[in-house]
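Enquirer: The residues making up each chain are set out below.
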Amino acid sequence: MATTTFGKPLPAELRQAQEQLEHYARQYGLDFFPTIFELVDYDQMNAIAAYGGFPKRYPHWRFGMEYERLSKSYRYGLHKIYEMVINNDPCYAYLLQSNTFTDHKMVMAHVFGHCDFFKNNEWFRHTNRKMMDEMANHGNRIRRYMDRFGVEEVETFIDACLSIENLIDIHSPFIKRRSDPAPRPQSATEEEEPPPQPGRFQAKSYMEPYINPPEVLRAEQERLRQKHTEERFPEKPQRDVMLFLLEHAPLKAWQLDVLAIIREEAYYFAPQAQTKIMNEGWATYWHTTIMTRHGLTPEEVISYADHTAGTLASSPGRLNPYKLGLELFRDIEDRWNRGRFGPEYEACDDWEARRNWNTEAGLGRQKIFEVRRIHNDITFIDEFLTPEFVHEHKLFAFRYNEDTHFYEIESREFKKVKKRLLFQLTNLGRPVIEVVDGNFKNRGELFLEHQYNGVPLDLKGAQDTLVNLHKLWKRPVHIQTVVDDRLCVLSYDGSEHRMNKGKQKIPKESDEWE
Amino acid sequence: MKPVNWERLPPVRKTYRVRLGFMQTVVEADNEAEAIRLARKALATELPRHWDMIYQALPERFEVVVLESTSRAG
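Line by line, the protein sequences are chains V and P.
Counting along the first sequence from 1, when you hit position 318 you're at 318 in my numbering, and nothing is skipped either side.
Count along the second sequence from 1, add 514, and you get the number used in my numbering.
Keep in mind that the hints were calculated from the coordinates and are not lab data.
Quick caveat, the model's predicted, so the values are computed rather than measured.
There may be inaccurate statements among the hints.
Restraint-style ranges between C-beta atoms, simulated for each label pair [to be verified]:
#1 V:Asn356 x P:Met567: 29 to 37 Å
#2 P:Asp544 x V:Phe101: 24 to 32 Å
#3 V:Ala347 x P:Met567: 27 to 35 Å
#4 V:Ala347 x P:Pro517: 44 to 52 Å
Built from N, CA and C at the ideal position, the CB exists for glycine as well.
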């Protein structure tokens, strides 16, 4: 059995509550790794939260900055972290010491929902279940590099890596996009590929000029060289920019190791961002179910209801993942319980008949377990958001009005609302950027392309990222994007930024959507 | 006048009040078993979050009271 990290183990009263709630959770079919709860005070909680949930990580200034922000925010009463749970085997969960007993029970039931989700959702299948140890190892490796090469140098390099940490391919663990890469040579400059040679016929030396005429060989060599330079590198656009740099950037061994560490951690955290709505919805579904049926005493009801209402509060223009996820899971359960699915139901266009539809199918619980296994936020919303749900929960598309300085309802139309929601979630709301050429202009320059979807890049951010990318690639870097509806290439050559704007206008994306 | 054949008439439907814990509903049914079946359906629709509990509850957990005879079905 693993031991605690640095918080206090639970007192007997809470340990008993944990056993009871775990028993109920397992009775309902939740399946999770052993879960270790620890009590921490608010300061420790802020420290752990600043480290992304892991008590031991590599040293970096941004964790300190985040800790300061959280501490100040807590002191001013702007936020309070009830719990923290880590996807690991065993799962670690931190409870805030100052919480009431009711809160502790609610948090425990909530945590069991998260732990079940981590273990069973397909998008988490590839995550490292020993990440607690792995993160500590990463910390040791980076500390060793800091001792050897200096804190400043290593930290500056980490800054450069972090600025591109979202340029990964979040679907790559599930899709084989290419054959396995060849092992990387020691250094990009040490082992150059030999230039292509033309084929020669066998001939005795006195016949050589006649059988293999030098001018023909030269012409053939030139043709092959031309063909070689025209070959694309990479063969197809590569979305995992970090991997491309790992394989091809001229970096030292320690730098490659640091880059690999940052990339591994980025992949570990990616499924949590991909399933935020589902994961929180699932955990809230189970804490409300377990608490209202088994976990509450009469005097605890008000406190429980108050805190749960606070968590589920939503306001116009703000998407509350807890609320949306919970209500969608409940809606799916209700629909599958009443048989409100399938071609017959879909074909029914009588609103009243649809509302009262009930075939007593009773498949709700089974269905939500299936949904939690295979979906992520995008597929979850794409598949299960219905016009009835949007209508009932007053989901609208909002837009900021520059004149009034208020968010206003832009549309109540189902298709627009759904499109807006899916758009926010695509690629975690980040721009899609790919490496299209690692040998741009045959000068070893790096050329990236932004897949423009109507949202322009933040130019200042893009320029800063190019500077960091240049630190890694060590040659000029470019990115093609769209600025003011025109194709545009932003470049950085190590000393100055340039922007080449095309003349042709890019047609605006239509609002029509099927 | 043609005599009424009582045996060929459908049974008299009764009104039942069915209670499960704190929840109750009133249904029209031919017998207690049907009343429980209809009550499960009505209560589960009214309280979708307790669907599983309502359908898993044993018939003995339902408290069924006849209110009055209403009409002949059919």
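Enquirer: Each hint: holds or not?
Expert: Now for the hints, and whether the structure bears them out:
no. : hint                            : in the structure
1   : V:Asn356 x P:Met567: 29 to 37 Å : violated, 22 Å
2   : P:Asp544 x V:Phe101: 24 to 32 Å : violated, 50 Å
3   : V:Ala347 x P:Met567: 27 to 35 Å : holds, 32 Å
4   : V:Ala347 x P:Pro517: 44 to 52 Å : holds, 49 Å
Consistency note: the structure conflicts with the earlier hints numbered 1, 2.
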